[in-house]
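*Asks:* With the hints as your guide, set chain X onto chain Y.
From first to last, the protein sequence lines are chains Y and X.
Residue numbering for the first sequence follows my numbering, starting at 1 and increasing by one per position.
Residue numbering for the second sequence follows my numbering, starting at 1 and increasing by one per position.
Derived by calculation from the structure, the hints in this document are not laboratory data.
Over the 10 Å line for every Cβ pair with chain Y, so calculated as not near, a few chain X residues:
hint, residue
1, Ile19
2, Lys29
3, Gly34
4, Tyr35
5, Glu102
6, His108
7, Gly111
8, Lys120
9, Glu121
10, Gly137
11, Glu166
12, Arg244
13, Val277
14, Arg293
15, Ala321
Here are the computed lysine to aspartate or glutamate pairs in the DMTMM-like style, where the Cα-Cα straight-line distance is at most 25 Å:
hint, chain 1, residue 1, chain 2, residue 2
16, Y, Lys191, X, Glu196
17, Y, Lys266, X, Asp330
18, Y, Lys98, X, Glu265
Ideal Cβ placement from N, Cα and C applies to all residues, glycine included.
Protein chains: 2
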Amino acid sequence: MFNFNEEAVRKEHENGVSIIAETQRVVDKICGEGYKNIFYIGIGGTLLYAGQMMHIVKEAGSTIPLFLENAADFCLVGNPHFGKDSVVVIASISGDTKEVVEAVHKAHAAGARVVGYVEKEGTPLYEHSDDLITTVGGEYYFWYTVTLRLMANAGQFPQYDKFMTEIVHMPENVVEIYKKSDAKAKEYADKYCDAELTYLIGSGNLEDWAVCYGMCIMEEMQWMRTRPISAANFFHGTLEVVERDIPVILIKGEDKTRPQMERAEKFVNTISANVTVFDTKDYELKGISDEFRGMLSPIVMRSAFQRVSVHLEHNRRHPLAIRRYYRRLDY
Amino acid sequence: MFNFNEEAVRKEHENGVSIIAETQRVVDKICGEGYKNIFYIGIGGTLLYAGQMMHIVKEAGSTIPLFLENAADFCLVGNPHFGKDSVVVIASISGDTKEVVEAVHKAHAAGARVVGYVEKEGTPLYEHSDDLITTVGGEYYFWYTVTLRLMANAGQFPQYDKFMTEIVHMPENVVEIYKKSDAKAKEYADKYCDAELTYLIGSGNLEDWAVCYGMCIMEEMQWMRTRPISAANFFHGTLEVVERDIPVILIKGEDKTRPQMERAEKFVNTISANVTVFDTKDYELKGISDEFRGMLSPIVMRSAFQRVSVHLEHNRRHPLAIRRYYRRLDY
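Bound conformation, chain Y alone (with noise of 0.2 Å):
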């Protein structure tokens, strides 16, 4: 398969599956201490992937008080909600995004706390997280773990130790993800790399995550246009512009949204001669319940994305890494 190294994705789940251990023991100890409320805090991506916790959340049904913040607003505008009692947690791939250090020092002026996920040893989050988890490629399983544990603890998610019992069989899963999305990606990325402009419609749990898809991968890595739109809200304007040749990804997960899917699918296809839908349920999850599936829908997406990404990075010899303006410019 092209440019594939399986050994390097198990790898980096299966360094998410350690950190769990780690993370529990951390959100145990908060727990333990009490909290007022938590802060889920960052910035493009990192508020992206934060978001998709938020749904995930809303429908366990669970009442945990937390709160998103972008940190470049929570440095501008601050939160009234915030205070010494509150927990930030934030992950942070790169552990030196501008806004997210100043977010954290704000926090720790406040006398906050702050749990970090950062990948990059010796860096100002890596040295300033009150508790640091650190491994590389596994940032999902840091928030599943954060999330999860803190509706656990409220009593608010009684399958805990099941839904942890089986993510360990997600290493194996995002392998055979990569290996089965592999034809389909290549023949989105044949058929649309020089797509002038790329509409993505998520749902749920993949909301922000087609948002975090169509902005970090696609408008940052591949310089490609894009206009990532809800599957709720598309049909209350962004609709009109839809026609014949224009390209949508569809972005099916599992959760209880997946209904309002269905409709824009119905939609687009009676419209557009370009439409690829991207469904989760395309994918085994070996060992996992039936009832986990939707919550894991932004993990098996990322995986068949991930060769979407390695197929675009090929056709349009784009390098992923390029940036012209990102950390080059002074701005």
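*Replies:* What follows is chain X alone, placed relative to chain Y:
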């Protein structure tokens, strides 16, 4: 001035002012009876209008228990914080938006109360609101009164009376904004009415406003392709697609997030030769204290952009009322 009915514009805003007393009475009644939390529910433009209020509440430092819900998500997923002691607040011009009607039925089934602003008599939302506020063109005055009165009654907006004494000057100010913005709006529309894709950047209480203009006016009513993006997230992906000929609209208000817009403005002017800045600071607000200007930025910006819509409609020979799919196809 082209296609401008001064009296009609003034009248709509006077209508808005005229519903303040009754809206206030409804909020006082609810606060008197007690409530657990408030749910602003909408979809598309109505969700994005309510979203502007969420920022205003946060920036004012208020901790009233306020939730923002997409009506489609609310219907399929629900919200664990919602219950019989919740109060739903909705605004619907048409009074029959499918998802919002369904959400109101769901709220009623749970035993919750519904406060509705509806412009069309006899429609489902007109009939099913427990407390109904109705007029034409007064949506913003409804939202400001509900939001600020809830804050005031919680002891979190002591400037309430002063604000309401001053807001009566807005109808006259709005008329002047229409007049003053016209030349710039025409210049913009003359230059960019045929743009293949337009980026709109907003922040703070204009972040959702920018999304709304891109989606509800440009996409829905002009079939123009847009990519709305917040100033904060812009720097984490979208910036990479900006090039010399990319049209960008900056939607600058006067709340605490203004520095984010200044940063975006500096950057896009370095890269794109097609930047248009709309700034609420360009407009005088007679009888309005400086401390309220930031809070009122959405009304100011909407008034300026009403002239953009008029000129786009004319230049594109595309009446704003045309729809090809919305409420015309079965989907």
